[in-house]
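Undergrad: Sequence:
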Amino acid sequence: MKRTSNDLFENYKQKHKHMYLYYLWGFGTTGVSLVAYTIFIFLFQRLSFTDAHAIFYSTIISWFFAVTYSFITSKIFVFESKSWAPKLVISEAAIFYGTRIITGIIEALGVPFLYGLGYNYALFGVTGLLSKITVAAAITLLNYFFTKQIFFGKEEQKENPKEQPKENLGKKEEIKKD
824 MKRTSNDLFE
834 NYKQKHKHMY
844 LYYLWGFGTT
854 GVSLVAYTIF
864 IFLFQRLSFT
874 DAHAIFYSTI
884 ISWFFAVTYS
894 FITSKIFVFE
904 SKSWAPKLVI
914 SEAAIFYGTR
924 IITGIIEALG
934 VPFLYGLGYN
944 YALFGVTGLL
954 SKITVAAAIT
964 LLNYFFTKQI
974 FFGKEEQKEN
984 PKEQPKENLG
994 KKEEIKKD
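Residue numbering for the sequence shown follows my numbering, beginning at 824 and increasing consecutively.
Quick caveat, the hints were computed from the structure, so don't treat them as lab data.
Incorrect hints may have been included.
[Claimed, not checked] Think about it this way: if two alpha-carbon atoms lie no more than 25 Å apart in a straight line, the pair counts; the simulated SDA-like pairs of lysine to any residue are: (1) Lys-898 <-> Leu-857; (2) Lys-838 <-> Thr-963; (3) Lys-898 <-> Ile-929; (4) Lys-898 <-> Phe-887; (5) Lys-898 <-> Tyr-967; (6) Lys-898 <-> Phe-888; (7) Lys-838 <-> Phe-894.
[Said to hold, decoys possible] The following label-pair restraints were derived from C-beta to C-beta distances: (8) Ala-908 <-> Asn-834: 41 to 51 Å; (9) Thr-891 <-> Leu-870: 22 to 32 Å; (10) Asp-830 <-> Phe-865: 46 to 56 Å; (11) Ile-913 <-> Thr-827: 38 to 48 Å; (12) Ala-960 <-> His-839: 16 to 26 Å; (13) Leu-964 <-> Tyr-942: 12 to 22 Å; (14) Leu-870 <-> Tyr-942: 22 to 32 Å.
All C-beta atoms in this analysis are idealised placements derived from N, C-alpha and C, irrespective of residue type, glycine included.
With these hints in hand, go ahead and build the complete structure from the sequences.
TA: If you want it as structure tokens, here you go:
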């Protein structure tokens, strides 16, 4: 049977569906992070926090909002996990937040660090926003790498049994023989 370009496109689209959805919802996650950061920077500055403290606390709070948004959208739209059974949600959230803690620490330390190095221009009147955007770009790449390894790696093994360890293939063959 001859494959048409439409078939090839559909095959490519299906194969990379998770990546597209991850990027789509990832942009939303970055937006949530930047909006939360901006709100809390202004709030902490009005409460007379120093710039260093306002940046640090705003970064941590915005990280929490962004990861929560990312967990919910990834659960529903990327991984298509339909169950909201408390035990399952707690397990999924623990894994998801656990993988984000590393990049959360990098973000919590990276934004004030860049700001302290002189990357401290206010953008749109928001102190440290340029540092926040720079770190957010690096964090997005790291989160994609971690997510691909932990979650999508499992999906790829299901789709490509040839890439599974040999001992798994042997077990499948034994089952087929019986």
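Undergrad: Work down the list of hints and note, for each, if the structure agrees.
TA: Structure-based check of all given hints:
1. The hinted pair formed by Lys-898 and Leu-857 meets the criterion: a straight-line CA distance of about 22 Å does not exceed 25 Å.
2. A hinted pair counts as satisfied when its Cα atoms are at most 25 Å apart, and Lys-838 with Thr-963 qualifies at roughly 21 Å.
3. Taking the CA atoms of Lys-898 and Ile-929, the gap is about 24 Å. The hint holds against a cut of 25 Å.
4. This hinted pair checks out: Lys-898 and Phe-887 have alpha carbons roughly 16 Å apart, not beyond 25 Å.
5. In summary, the hint linking Lys-898 to Tyr-967 is supported, as the alpha carbons are separated by about 15 Å, within the 25 Å threshold.
6. For the suggested pair Lys-898 and Phe-888, the alpha carbons sit about 15 Å apart, so the restraint of at most 25 Å is met.
7. Taking the CA atoms of Lys-838 and Phe-894, the gap is about 22 Å. The hint holds against a cut of 25 Å.
8. Between Ala-908 and Asn-834 the Cβ separation comes to about 34 Å, which falls outside the hinted range of 41 to 51 Å.
9. In this structure the hint that Thr-891 and Leu-870 lie 22 to 32 Å apart at CB holds, the actual value being about 24 Å.
10. Checked against the given bound of 46 to 56 Å, the beta carbons of Asp-830 and Phe-865, roughly 52 Å apart, stay inside it.
11. For the pair Ile-913 and Thr-827, the beta carbons lie near 46 Å from each other, so the given range of 38 to 48 Å is met.
12. About 21 Å separates the C-beta atoms of Ala-960 and His-839, a value consistent with the hinted range of 16 to 26 Å.
13. In this structure the hint that Leu-964 and Tyr-942 lie 12 to 22 Å apart at CB holds, the actual value being about 18 Å.
14. In this structure the hint that Leu-870 and Tyr-942 lie 22 to 32 Å apart at CB holds, the actual value being about 24 Å.
Hint 8 from the list above is the single one not met by this structure.
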